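Those sequence lines, one after another, are chains A and B.
Start counting the first sequence at 1; every next residue gets the next number (this note's numbering).
Start counting the second sequence at 1; every next residue gets the next number (this note's numbering).
To be clear, the hints were calculated from the coordinates, so they are not data collected in a lab.
None of these values were measured; they are calculated from a predicted model.
Glycine is no exception: its CB is placed at the ideal position from the N, C-alpha and C atoms.
Partial list, computed: chain B residues near chain A (C-beta under 7 Å):
id: 1; residue: Pro39
id: 2; residue: Leu48
id: 3; residue: Asn50
id: 4; residue: Leu55
id: 5; residue: Thr57
Here is how the chains run, residue by residue.
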Amino acid sequence: MDLSKYAALFLAESREHLSSCNQLLLRWEREPSATDAVGGLFRSIHTIKGMGATMGFTGVAELAHRLESLLDALRQGQVAADARTFQLLFRAVDALGVAVEAAGAGRDPAPEASLAAALDDATAGRGADAPAGGLPVLPGDDVPRRRATDRPRGRSVEVIIRSDAVMRGARAVLAVRRAEALGVVSAVRPPLLRLEREEFDGRLAFRIDSRATDEELAAVIRSAGEVVTVRFPEPLAAPAEPADRHRQIRVDLGRLDRLMKQVGELVAARNRLGVLAARFDDPTLAEQSDRISRLVSEMQAEVIAARMTPVGEVFERFPRLVRDLARDLGKRIRFEVEGEEIELDRSILDEIGDPLLHLVRNAADHGIEMPETRVHAGKPAEGRILLSATRERNSVALRVSDDGAGIDRAAIVAKTRRDAPGEPTPDALSDDLLLRLIARPGFSTAQAVSGVSGRGVGVDVAMTRVRALGGTLEIGSEAGKGTTFTIRVPLTLAIVRALLADAGGERYAVPLAYVAETVEFDARAVTALRSREAVVVREQVIPTVHLRDLVACRERPAPMRRPTVILEIGERRTALVVDALLGQQDIVVAPFDAPRGMPPYVGGATILADGAPALVLDAAALL
Amino acid sequence: MPDSPTLHAVIFRIGALVCAAPAGIVREILPRLPATRIPGVAEAIEGLVNVRGSLLTVLDGHVLLQQARREEDEGAIVVVDVAGRRYGLGVGGVIDFLEVPAASVAAQADLPGIDPRLVKAVGVHEGRHFILLDIDALVAPIIGS
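Turn these sequences into a full structure, and let the hints steer you where they fit.
The structure is reproduced here in C-alpha cells:
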C-alpha cells in the first residue's frame, strides 16, 4: 500500500497530539495530583507511536515507545514525577516533534542516543513487575480518540475568583450553587466548608455531570461575580454525545481560501445584480434576484463559519513558551488563558500569533519582576500573565495582561528626549502617547538586549502586524500594578459589513465592527474637548471629525441635517459627522496600489454594488 | 543588410502634445472611466477606477505634463506596468500603434515647457512629431514606495 499520501495526515494529527502533550505536561507539572494528565499523555504518545509504526517511521515509533514506557512507569507510581523527570519529558516531547517533522519531510532519523539512554534510565527505576519490552497497549483504548467514557463521570471545572474580591469564599460557594443548577456537582476542592476560611486563595475545582455546554456552564459560573477564569481541563463534547458523532473531515486551507475568494466575488456580483434588478419593473426578476441574494448570504455565512477557528489553537503555544522563559529568566510566572473557545477567521488567526508572541515575551521579560523584587514590593513571588479573548460586536479583543512593574513612563520620556531632542515630549504621557512612543521602530529602554526581548522590535512589530489586519493595538499600564496590551481584530478579513456614508457627494465605507451607534448631529450639543470640537451624546463628551473637512471635499454645501456615526474602539470614541447615511452593504476589501501620501484614515478600497469604487475608512486612524 | 531594430509604441494625445509609450509596458487601452478621488494625494492622481472587478489607480497625464485638456478629446486610459505594478495613465485619446525603425527617433531633446527628465526621445512618424515618454520617471514621484 502506498502510504505516502497519508504523510500529510500523519503530520497534522501528530502535531495535534504533540500540542496536547505540551498542554498536559504543563498542567501535570503545575498540579502533580492531576493524574488524568498522565493518562492523556500516554494516549497521545501511544497514538503517535501507532501512526509512526504504520507509516514505517521507525525512528518516531522507537522514540514514542521509550517515552511511553516512562509514562507507563510514572502512571503506575514506579517512578517519581520530580522536576528532573518533567524536564526529561519536555525534552522528549520536543525531540518527538522534531522526529515527526523529519519523518513528514521524508527522513526518519533514529532517536538521539543520549535522550534514548536518559529515557531508559528514568524508566529503569520501575518495579520488576513492569512490562519488559514489547509495545504496551493501553487497556480498553484501542481507539486513540478520547471518548467521554474514558474519564470519570462529568467534566472537571476550574474556577478562579478575582484575587482582590471581597468575600472570595462566598463567591466560590455561589459559583458552585449556580453550577448545581445545571448538573450534579462533585469532588469540590477545597471542600465547601473550607471555602470561607481566610486561607482560601480563590482557586476552586470540581466535577460536574451536566448536559450543558462548556459555554453555558461558564456563563452560569461567571454570573456569581468576581470570577476571572473558568476552565474545563478536559475539553470534550457534551457527555451524552461521543465526540466522534459529529462527522468531520480535514479540508486543505488553500481550498477554503479559494472558496472564500469566490464567495467574495459572488457577494459583489449579488450586490450588482440587486442594483440592476431594481431598474426593471419585473416582479419575476426581482424575486429571483432576492432568492439569489438570500442563497449567497447563506453560502457566505457557511463559508465564513467553516473558516472560523478557536483562538485556543494559537493560545496553546504560549504556556510552554512562558514556562521556558520563566526558567531562563529565573522568574516565577503563572500563565493563564481565558476565552480559548472564541473563534476567528483562519487567515487572521494565522497572522495574530506573531504579535501575541512579542507581547507575551515582553510581559515575561520586562513586565514580571524577579521573585525577590516582587516580594519586596509586597506582591506574591509568582507573577501572573493572562492571555484572554473576548468577543466584542464584530471584532475580537485579545489581551495580554501582566501584574508586573508597569511601564516606567519617566524612562520612556527620558529616552525619547535623548533620541529626539527637538520633539516636544510632555512629562505626563497618556496611554495613547505612551503606545506611540514605544511602538517606534527600534525603541527599547531595556538595560541590555537579552535573548528574550529588549531589541525594541516587539511593540513595533505587533503594531505593524495588527494594523495590517485592520485591527488596533491599545495599552494600559500602571506603575507597580502591571500592563495590559489589547489587540482588536475583525472576525474576518474577506467580507466586511460596512455603513456607507456620503460627504459632498463622495461615498465612503465605514466598517460596522467599529460603529457603536448613529445619531443626528446637534449643533446645540457642540462643546470643546482639549480645544477640539466635541459633541455631547448621552452625557458623554465625544470629539468630532467632520468627514467633508477630513477629505477636503469642496463640491456641495453641507446639508442642514447631518447624521453622526459614533466610532468606538475599546474606551475611545469619535463622532464622525457625515452628510448622509446611505445604508449598509457587505463589501469585499479589494487590493490596489496605494499612491504615495495616501492618508492613514484610508484603510482600503472596495467596489460598491453599482460598480463604483469607494474608499474604506480606517476607524482606528480616526480615533 | 541586417534588419535595424524596431520601436513599437502606442501614440496618444495629452493636451497639445503627441506622446508615445513603449508598447512593451502597455497592457491595454480603456475608455475614460469615472474615477473615485483619493483625498490627500498628489493632484496628478485622478483616482480609482473599476476595471472588470479590479481596482486601478489612474494618473492624470494632463496634470503630469501640465497640459490643458482639449474639449474635443473623449479621453482614454493607457494601462501601463511600472516597476511591477499596474497603473492607468489618463490621456486625451489614443491615436495609433506605431512601428518605426529605432533609428528614426533621436535621443532626448530639450522641448519648451516640458521637463526634460520625462522625455526619453523625440521622433517623427509620417511627418508627425511625437515625444517618447519616460513612463517610469513620469509616475515614480507619486506612486507608492
